[in-house]
Amino acid sequence: MSVGTRAVPTGAATGTYREALREAMRDALRRDDRVFLMGEDVGAYGGAFAVSLGLLEEFGPDRIRDTPLSESAFVGAGIGAALGGMRPIVEIMTVNFSLLALDQLLNNAATLLHMSGGQYNVPLVVRMTTGAGRQLAAQHSHSLEGWYAHIPGLRILAPATIDDARGMLWPALEDPDPVLIFEHGSLYNVSGALSDPPAEVDICHAAIRRPGADLTLVTYGGTLPLTLDAAQLLAAEGCDAEVVDLRVLRPLDTATFLESVRRTHRAVVIDEGWRSGSLAAEVSARLMEEAFDDLDAPVGRVCSAEVPMPYARHMEQAALPSADKVAEAARRVLAGG
Amino acid sequence: MTVILPAPRGSLGTGTGLLWLRDMLRIRRFEETCAQLYSETKIRGFLHLYIGEEAVAVGTMEALTPDDSVVATYREHGQALLRGIPMKVILAEFYGRAEGCCRGRGGSMHLFDRTRRFFGGNGIVAAGLPVAVGLALAERMQSGGPGRFGDPGHVGDNVVACYFGDGAVAEGEFHESVNLAALWRLPVVFFCENNQYAMGTALARSHSQTNLAIKAASYEVPAWQVDGMDVEAVASAAARAVEAVRNGAGPHFLELLTYRFRAHSMYDPDRYRDKGEIERWRARDPISILADRLREAGALDDAGMRGIEDDVAAEIAAAVAFAEAGQPESVADLTRFVTSEGGQP
Numbered sequence: 001m002s003v004g005t006r007a008v009p010t011g012a013a014t015g016t017y018r019e020a021l022r023e024a025m026r027d028a029l030r031r032d033d034r035v036f037l038m039g040e041d042v043g044a045y046g047g048a049f050a051v052s053l054g055l056l057e058e059f060g061p062d063r064i065r066d067t068p069l070s071e072s073a074f075v076g077a078g079i080g081a082a083l084g085g086m087r088p089i090v091e092i093m094t095v096n097f098s099l100l101a102l103d104q105l106l107n108n109a110a111t112l113l114h115m116s117g118g119q120y121n122v123p124l125v126v127r128m129t130t131g132a133g134r135q136l137a138a139q140h141s142h143s144l145e146g147w148y149a150h151i152p153g154l155r156i157l158a159p160a161t162i163d164d165a166r167g168m169l170w171p172a173l174e175d176p177d178p179v180l181i182f183e184h185g186s187l188y189n190v191s192g193a194l195s196d197p198p199a200e201v202d203i204c205h206a207a208i209r210r211p212g213a214d215l216t217l218v219t220y221g222g223t224l225p226l227t228l229d230a231a232q233l234l235a236a237e238g239c240d241a242e243v244v245d246l247r248v249l250r251p252l253d254t255a256t257f258l259e260s261v262r263r264t265h266r267a268v269v270i271d272e273g274w275r276s277g278s279l280a281a282e283v284s285a286r287l288m289e290e291a292f293d294d295l296d297a298p299v300g301r302v303c304s305a306e307v308p309m310p311y312a313r314h315m316e317q318a319a320l321p322s323a324d325k326v327a328e329a330a331r332r333v334l335a336g337g
Numbered sequence: 338m339t340v341i342l343p344a345p346r347g348s349l350g351t352g353t354g355l356l357w358l359r360d361m362l363r364i365r366r367f368e369e370t371c372a373q374l375y376s377e378t379k380i381r382g383f384l385h386l387y388i389g390e391e392a393v394a395v396g397t398m399e400a401l402t403p404d405d406s407v408v409a410t411y412r413e414h415g416q417a418l419l420r421g422i423p424m425k426v427i428l429a430e431f432y433g434r435a436e437g438c439c440r441g442r443g444g445s446m447h448l449f450d451r452t453r454r455f456f457g458g459n460g461i462v463a464a465g466l467p468v469a470v471g472l473a474l475a476e477r478m479q480s481g482g483p484g485r486f487g488d489p490g491h492v493g494d495n496v497v498a499c500y501f502g503d504g505a506v507a508e509g510e511f512h513e514s515v516n517l518a519a520l521w522r523l524p525v526v527f528f529c530e531n532n533q534y535a536m537g538t539a540l541a542r543s544h545s546q547t548n549l550a551i552k553a554a555s556y557e558v559p560a561w562q563v564d565g566m567d568v569e570a571v572a573s574a575a576a577r578a579v580e581a582v583r584n585g586a587g588p589h590f591l592e593l594l595t596y597r598f599r600a601h602s603m604y605d606p607d608r609y610r611d612k613g614e615i616e617r618w619r620a621r622d623p624i625s626i627l628a629d630r631l632r633e634a635g636a637l638d639d640a641g642m643r644g645i646e647d648d649v650a651a652e653i654a655a656a657v658a659f660a661e662a663g664q665p666e667s668v669a670d671l672t673r674f675v676t677s678e679g680g681q682p
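Chains as they are written, first to last, in this note's numbering: chain A, 1 to 337; chain B, 338 to 682.
Treat the hints as calculated values from the structure; they're not laboratory data. Note that beta-carbon positions come from the ideal geometry of N, C-alpha and C, so glycine has one too. Incorrect hints may appear among the rest.
Unchecked claim - Here are a few chain B residues that face chain A, going by a calculated C-beta distance under 7 Å:
1. R440
2. R442
3. H447
4. P467
5. V470
6. E510
7. L517
8. F674
9. T676
Stated by the list, open to error - Which residues of chain A face chain B? A partial, calculated answer using Cβ under 10 Å:
10. M38
11. L112
12. D175
Chain B extracted, bound-state conformation (with noise of 0.2 Å):
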């Protein structure tokens, strides 16, 4: 029923597999630095680190155009990132500035871009699937196409990614959303991030079923899982989930299998997980899998690895900066942004 998609040998292109590696270690070392600015008080609230799972949005979102549109969780820096909004602008929304993305309103679990399709960042686990399903259904609906009950795809849709973790899967949202998609056949592409707990609680203590691409696929979506610590494998899947969703084949389900290496928050003691099994998926660092696979095929030494790093710490010292000198926003425009401007008389 479901189908385990392995990385596909000898495919990475060099040039591709630096950029990834790249992509990964910028989301690491941000993250790394927010753990660190997080102690020092400079961040507040909740703060849910990426560290360990930055395979899954480097290679999910490698299939993606400007056009589609992204809907992510409260965990979802390296999407944001990825996305293409400035390290600087997220960071100032850490500090609680002005020149965040979201003026100092949303914080880290709420992250938004307009401009970039990117529609948050979402605190409340599942929430963002509705969501997710109803700007496909726009976006279908926009196209000419039809999208409702027993109707065929439609070619040439923009495509909706919609990330969510295992938690999301026992929430009734779930599965709301993945029969309403199948049911009108919406070009949305569902990730679960499957990092194998649920803020504390193990996957075996909330699923009856821990296979959860069995779940979406009772819903007649193709459901595959997919090693989540290898981008390779994730690329090569997402790009075939979404190269489908977009031909008009329906939903997709990817169920991809990660790991946080941090704890749930920085609140989380981690006192629900053993040691050892952090260290066996810590062998599988997804960062390292893919730079030993390029010092394999000699794309990647010790000085180009030094590049890549000397890169992203500049650019997180000008985001640090940037956050730094970033103004906090009037108290006077605290009721601001709770209904449109220009809106009723």
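In isolation and in its complexed conformation, chain A is listed as follows (with noise of 0.2 Å):
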């Protein structure tokens, strides 16, 4: 199901959400002489995604930097400039290759204000890209985002929408430890309204981006649009879905959707990470430690197959959650209890 086409409201301001994400760069470069951007292939090229497109052209190769293939040293780079006073931005084409520098970010980005007993902090933020649906097969499709959101120390970002593309960066800028945030390769060509002045989004809570009284729907990131594809089609069913976009992925604002279920007693959560060891594992977890009594259903959960992603986009699109999965898991929910 095509996201680009979503209606946007008539007489705003539009954009995509690559363009939101490099006004949030051109902002904050020009805000703050110590940030700067570095990775593979942002700046004569423009980014693999074209979101830092014309940035070195406004702001010299010295703030958009160019690195060689060598994933942990520009990451590992990011933290020692992050340690000497600087705010890097370190963009990693795609959350793949972050294995690559995993050692940097968790035995260091994520550690050394504890290891250090407080006295180092590593304001560094990452951004990558996420996510499969694009035919790209197995080393190209993860969504392991999860994995990084069982890391202590590290504040994982989720932005699913054209205000917190655009608003995320600079709250990420401003914390005084690592922030990745991680942007679902469908988004990119996402059009929406643009904020004017944009809008102060903060990276503390989830959202609750369809209100709803009979089921409550937990997600993010990439599988947003289809989890409101799929409210839709349980609203054409009499079922009244809330969807509640988690937007951060640690620290899990519990709260917003603890708050949601007990309203509802239904849930199902909806992520693109493999099911076992999944971010729908925790939240499911803790809906039963803190809401056992208020569900009338056991939690559903829709994931992508547990397969290295296949290429052929028949099987690729058999492994991925849809609008049409979770509509069904709800149903299941539903009927329930």
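Using the hints, put the two standalone chains together into the complex.
Here it is, written out as structure tokens:
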């Protein structure tokens, strides 16, 4: 299902998720001399997903730094630059390649503050693309933000809307500790209203994207659009679903989805990661721990099939969450209890 | 392509020499005390001793100023002491006390001191190299110099001293980091402490090219091998390298040929080294080499040596007493310092 054609309020200025991310970087680079961007092909190429297109020309090669294909070195250099007083934005082309820098992110960025007894905080922002859906097969289709959300010391953000794409970067740069921002590849071309002035957004709380009374659908990032589509399908069947966008995967804002489920008494969690050990599992466990008596049915989950992502389109689609799968899971939960 | 820098003969000022001797003995005796305390179970976890390698830290750190930065390894007690972290605070850290430099959260492998620009202590082999490159990048960007591909160097930068072992040179991060530093001509000096073993694996069993300086030289980085058992040779080479880096010549690499006299860690039964090899290296004990030279020059006699040993023993005794009297951090503070206090609401 295409999300690029979602209706935009007439009369509002519109832009894409990609443009919102770029505008956020441009704004940050103008506001703070300590901010710079570094990563593979962020400069002359304009960013593998064209997010930083034009920034090299505007800010020059000191602040828009093309790096060699050395993920561990340039992520670690981002950590060092942050320790040295800068405010780096490190772009890792995709989450798939972030595995080559996982040691730096886990053993240095997330750990230095604690190991040093509170002496060395790491004000680093790392942006990366995540997710499947573009027939890139097993090595380029991971959704591993749930792995990063496992790590104490990191803040994990998943902007799913234009306003979040525009607004999350600045508070992330103001955070004294490392922040990872996951941009789902299917969202870059999504158009929407651009708030003017830009909406103030926080990087602490989940948001209710669609209010509803009968069922809570909890999701984030790339699966938000299809979850909203599923809510439409359910509405046609007389079910009023509430949609919670987690936005912040760590620290997880439990209160917002707990409050929702205490009203609706039913929940489905949608997560593009693999089901076992997933973020959806964590949300489900928290609902069981803290809202057991409020639930009228077991919590449902819609995750990716536990296979390396296949190339062929019909196989890939079969592996991924879809609006139909979410609606079907919702129907089961509604029938349960 | 690479050169072995000899010690400049006859250049040893006796005052400096005596300070070096004192520093090396501080490290040696401190490490010996730590080994004893470990066997008494006062210290736990991993403990990697620097015994045999003292000339490397003493000779290289001589070239640094307080505004420079230091990134070290899990075998960093010597650098930490030389950087000025009080011995008692280091030992309290080993005891896991709140008075330790990391409030008992780091231990032997993870010593930090923000006021002294000491950035660890790192338990992951080679993981400090990218961080050192980033610190040098920050230094360059804040000094107003350029620091990007094709730019000339910048004069007057503070320098980042990055320590790592021969084992780290087999890691991809070494190659990525040296390349990046050279590409951006950053003010970092790479001090490779080649003690001949990556834990228990001999150099020739892990490197097809055992001259590690050649690897750095392939990235267009000036790279020299240095006798790491001779503190004069180390100090001379380090001074030359650090001065060049400070003057904008870009990163430099020193391969300091040394040897650890003790096992890799307190867990290591040391089955993989030939006893004769150990004895041959012990015959070149860096402390003996320097002490003999000072005696020949008439700058040191038995009484002088005793005086230094007594001073060091007193410092160690005070440090042990301090650590013994230290308090455990409250368990109520277990989750402090995971994120910054006063950070995001």
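Cross-check of the supplied hints:
Of the supplied interface hints, the one on R440/B holds, with its beta-carbon coming within about 4 Å of a beta-carbon of chain A, less than 7 Å. For R442/B, the interface hint holds, the least distance from its beta-carbon to any beta-carbon of chain A being 5 Å, beneath 7 Å. Taken as an interface hint, H447/B checks out: its beta carbon lies about 4 Å from the nearest beta carbon of chain A, inside 7 Å. For P467/B, the interface hint holds, the least distance from its beta-carbon to any beta-carbon of chain A being 2 Å, beneath 7 Å.
The closest approach between the C-beta of V470/B and any C-beta of chain A is roughly 5 Å, which is under the 7 Å cut-off, so the hint is satisfied. Given the 7 Å rule on beta carbons, the hint for E510/B holds: about 5 Å separates it from the nearest Cβ of chain A. Against a cut-off of 7 Å between C-beta atoms, the interface hint on L517/B holds, since the closest Cβ of chain A lies about 5 Å away. Using the Cβ-Cβ criterion of 7 Å, the hint placing F674/B at the interface with chain A is satisfied: the shortest such distance is roughly 4 Å.
Interface restraint check for T676/B: the shortest CB-CB distance to chain A comes to about 5 Å, inside 7 Å, so the restraint holds. For M38/A, the shortest C-beta to C-beta distance to chain B is roughly 9 Å, which falls under 10 Å, so the interface hint holds. Interface hint at L112/A: satisfied, since its Cβ lies 7 Å from the closest Cβ of chain B, which is below the 10 Å cut-off. Proximity of D175/A to chain B holds as hinted, the smallest CB-CB distance being about 5 Å (cut-off 10 Å).
Comparing the model with each numbered hint stated earlier shows that all of them hold.
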